[in-house]
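Please take these sequences and the hints and turn them into a complete structure.
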Amino acid sequence: MAGNVKDTNYISAREASKIARFNRKVTAKLEAQHANKNTPESYYLTKMHDENNVVEFDNVCTYFFTDIGTSKAVDGISFNVPKCSTVGIVGESGCGKSVTSLSLMQLLQRPSGQVVGGEIRFNMGDGKAYDVVKTPTEQMQHIRGKHISMIFQEPMTSLNPVFRIGQQIEEVLELHYPEMTKEQMKARTLEMLELVGIANSEGVYSMYPHELSGGMRQRAMIAIALACSPDLIIADEPTTALDVTIQAQILDLLRELKDKINSSIMLITHDLGVVAQMADYVVVMYAGRVVEKGTSDDIFHHPMHPYTVGLMKSKPVVGQKVDKLYNIRGSVPNPIDMPDYCYFRDRCESVCDRCHGEYPPEIKVSDTHIVSCYRFFDEGEVLGYPRSVNPEDLLND
Amino acid sequence: MTREVNVDKIIGAGAESDPENLLVVKNLVKWFPIKAGFFKHTVGNVKAVDGVTFAIKKGTTMGLVGESGCGKSTIGKTILRLEEKTSGEVYFDGQEVFGLSKEELRKMRPRMQIIFQDPYSSLSPRLPVGEIIGEAAREHQIVPEDELDDYITRVMKACGLQPYHKERYPHEFSGGQRQRICIARAVALNPDFILCDEPVSALDVSIQAQIINLLEELQEQFGLTYLFISHDLSVVEHISDTVGVMYLGNMVEFAETDELYANPLHPYTQALFSAIPVPDPDTKMKRIILEGSIPSPANPPSGCKFHTRCRFCMDRCKTEEPEYREVKPGHFCACHLMDEAGQENTTDVQEG
Numbered sequence: 001m002a003g004n005v006k007d008t009n010y011i012s013a014r015e016a017s018k019i020a021r022f023n024r025k026v027t028a029k030l031e032a033q034h035a036n037k038n039t040p041e042s043y044y045l046t047k048m049h050d051e052n053n054v055v056e057f058d059n060v061c062t063y064f065f066t067d068i069g070t071s072k073a074v075d076g077i078s079f080n081v082p083k084c085s086t087v088g089i090v091g092e093s094g095c096g097k098s099v100t101s102l103s104l105m106q107l108l109q110r111p112s113g114q115v116v117g118g119e120i121r122f123n124m125g126d127g128k129a130y131d132v133v134k135t136p137t138e139q140m141q142h143i144r145g146k147h148i149s150m151i152f153q154e155p156m157t158s159l160n161p162v163f164r165i166g167q168q169i170e171e172v173l174e175l176h177y178p179e180m181t182k183e184q185m186k187a188r189t190l191e192m193l194e195l196v197g198i199a200n201s202e203g204v205y206s207m208y209p210h211e212l213s214g215g216m217r218q219r220a221m222i223a224i225a226l227a228c229s230p231d232l233i234i235a236d237e238p239t240t241a242l243d244v245t246i247q248a249q250i251l252d253l254l255r256e257l258k259d260k261i262n263s264s265i266m267l268i269t270h271d272l273g274v275v276a277q278m279a280d281y282v283v284v285m286y287a288g289r290v291v292e293k294g295t296s297d298d299i300f301h302h303p304m305h306p307y308t309v310g311l312m313k314s315k316p317v318v319g320q321k322v323d324k325l326y327n328i329r330g331s332v333p334n335p336i337d338m339p340d341y342c343y344f345r346d347r348c349e350s351v352c353d354r355c356h357g358e359y360p361p362e363i364k365v366s367d368t369h370i371v372s373c374y375r376f377f378d379e380g381e382v383l384g385y386p387r388s389v390n391p392e393d394l395l396n397d
Numbered sequence: 001m002t003r004e005v006n007v008d009k010i011i012g013a014g015a016e017s018d019p020e021n022l023l024v025v026k027n028l029v030k031w032f033p034i035k036a037g038f039f040k041h042t043v044g045n046v047k048a049v050d051g052v053t054f055a056i057k058k059g060t061t062m063g064l065v066g067e068s069g070c071g072k073s074t075i076g077k078t079i080l081r082l083e084e085k086t087s088g089e090v091y092f093d094g095q096e097v098f099g100l101s102k103e104e105l106r107k108m109r110p111r112m113q114i115i116f117q118d119p120y121s122s123l124s125p126r127l128p129v130g131e132i133i134g135e136a137a138r139e140h141q142i143v144p145e146d147e148l149d150d151y152i153t154r155v156m157k158a159c160g161l162q163p164y165h166k167e168r169y170p171h172e173f174s175g176g177q178r179q180r181i182c183i184a185r186a187v188a189l190n191p192d193f194i195l196c197d198e199p200v201s202a203l204d205v206s207i208q209a210q211i212i213n214l215l216e217e218l219q220e221q222f223g224l225t226y227l228f229i230s231h232d233l234s235v236v237e238h239i240s241d242t243v244g245v246m247y248l249g250n251m252v253e254f255a256e257t258d259e260l261y262a263n264p265l266h267p268y269t270q271a272l273f274s275a276i277p278v279p280d281p282d283t284k285m286k287r288i289i290l291e292g293s294i295p296s297p298a299n300p301p302s303g304c305k306f307h308t309r310c311r312f313c314m315d316r317c318k319t320e321e322p323e324y325r326e327v328k329p330g331h332f333c334a335c336h337l338m339d340e341a342g343q344e345n346t347t348d349v350q351e352g
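If you read the sequences in order, they're chains A and B. So in my numbering, spot 279 of the first sequence is number 279, and the numbers just go up one at a time. So in my numbering, spot 237 of the second sequence is number 237, and the numbers just go up one at a time.
Calculated from the structure, these hints are not laboratory results. For each residue, glycine too, the CB sits at the ideal point set by N, CA and C.
Below are the DSS-like pairs computed for lysine-lysine, each with C-alpha atoms no more than 25 Å apart in a straight line:
hint, chain 1, residue 1, chain 2, residue 2
1, A, K37, A, K146
2, A, K321, B, K58
3, B, K58, A, K324
Footprint (simulated), chain A over chain B, 3 or more residues, beta carbon under 8 Å:
hint, segment
4, 195 to 207
5, 232 to 244
6, 272 to 280
7, 287 to 293
Distance ranges between label pairs, derived from CB positions:
hint, chain 1, residue 1, chain 2, residue 2, range
8, A, E138, B, F32, 48 to 54 Å
9, A, A28, B, E145, 57 to 63 Å
10, B, E84, A, R110, 46 to 52 Å
11, B, E145, A, L395, 55 to 61 Å
12, A, E154, B, F222, 34 to 40 Å
Structure, rendered in structure tokens:
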């Protein structure tokens, strides 16, 4: 069966062609929906559940239709990003944290990567909200850069080496504010460069990316992201490629800027230390699902999910010496052939009887703290199960 | 040219003949020439390593930390003679590494091994894992040919790999498993010394812990000596017995791990420690933010190389290079603050 491959190391030619045919059909259908320019606004207009949120992810499923089957990179995740706050998304590589942000930006590697289910509600202000999943690509171009912007991990590869820094910042302004004059744009660009702590703004304005150090490049990237005063900034591992001392500078800058420009930050990282220093809310992801979410106080002082606990114990902390580091045994399950029980069961040290059943629901243990683990089944209110999408059904409707 | 440093004051006279020291590095200098023009004449030098002295005792781990571009990896490669030195001496088990003939060096090679940072690019994609691990062991005749297969199996088991992995190729493994293969490849030669060049930087947190534990187990089992290069200070604290902090090609501070982490003396070390994000939202640390970035090693600042970013910079620092000397027993530091009664100056800051 397509989308359900047993051994990923070997697929017969017959299976391969079956998968390819299926993928072609599904992606063609989904692509057609995005490309339709004449989609009426009412089709993707929706209402926020809570007006104080910038984004609401509601059971979002993002699948990749690959040559060896359907990879469920993000499979039914729900969380909110409140206004003027920082939400940290933590997880190991391959857990779907970047795919989540790319789904919101509609920047997935298409046609193979597709959001196949759920709703991403983005608050446009004035009581209006767009469902990003249904928004056509044309309309999305007006949102990207202006309402949502992104800071990428590797500043060297995400800046264009053949354009000057000034031009690259002005490009964003030119696109979203066509009425601006050249002088206004330059003034705004210089203002942005000063805002991100570049003292020599006139000089940097006419420099090429290779003339700047890693930290300065990341500052230029942040200036591009801030140029249109977006409502939401997605920072995808903004400091991973930088040294600790430079990392401290950039994190300080981000914290300052958030207050200055009144926007929310979605901070994606694998470093628990960075999250603890930056975030108000934390979302812990594992194998494409949210396993625990809450305020940073909930997560760091009362971690509940065995994965969160393990993750914290396995990182050595300066000043706290242990003889042997805790390690989570085994490794992440194959995203193409996920088990139907809790994804963490095979690595978990506190398995109970219920764990052998279906994937655990979201359990609300306190007002802000939600965990997906059967050990807390009787202690809190059950909110609902993450719903997966069967790839076969996509062809039917 | 290179400065005259009294090496004996740092590691003691005749350290190279002391059987306790496995590795002794004396005033090691490695400059990379910058060539320009039609005739490729040398117009300058990138001073990657500029006079570093230290000794590692048998069976211990020394950590080496610093920002990228400070010369950590160059030191490692020069010790193993993968790069030729510019000047200085390196003694491995009493023998000067750079004085060895080709034949002698070949005999020495299996005793010092290296684990690289990126397990994706350091394994040949065309060789099965058994061959990757066994190739060098066969070449150096570590065990007789007919026992080789059993030997590889034993090494793989010690490194947490299954015997049936032997027939597989590196692309079939995850990052953590590949790093195990790299470790098995190094351990298979029965070495005394392993240079670990950022072995866990490319791995996820939960996998990092597995690899660090494995390295510690192997050290106990085979009595290995490590030089552990990393920019992750918390990992270095966990694994090392002694730690050296480098800045722009120089060692600025060196002490036993507990002493260094409890009582960092050099302003750079203090800034480095304060920049580590602690996974606890309540600990709002008083960060010491270093201004600017690391200067170019081709044109390092005069005097103390750190003076352009230092909070305690004095006039003297701009012209006069501080001496790297023993400030407390076993605690070395190169800073003018230590010369005067300046110790109080620096220690009150880190408590704040």
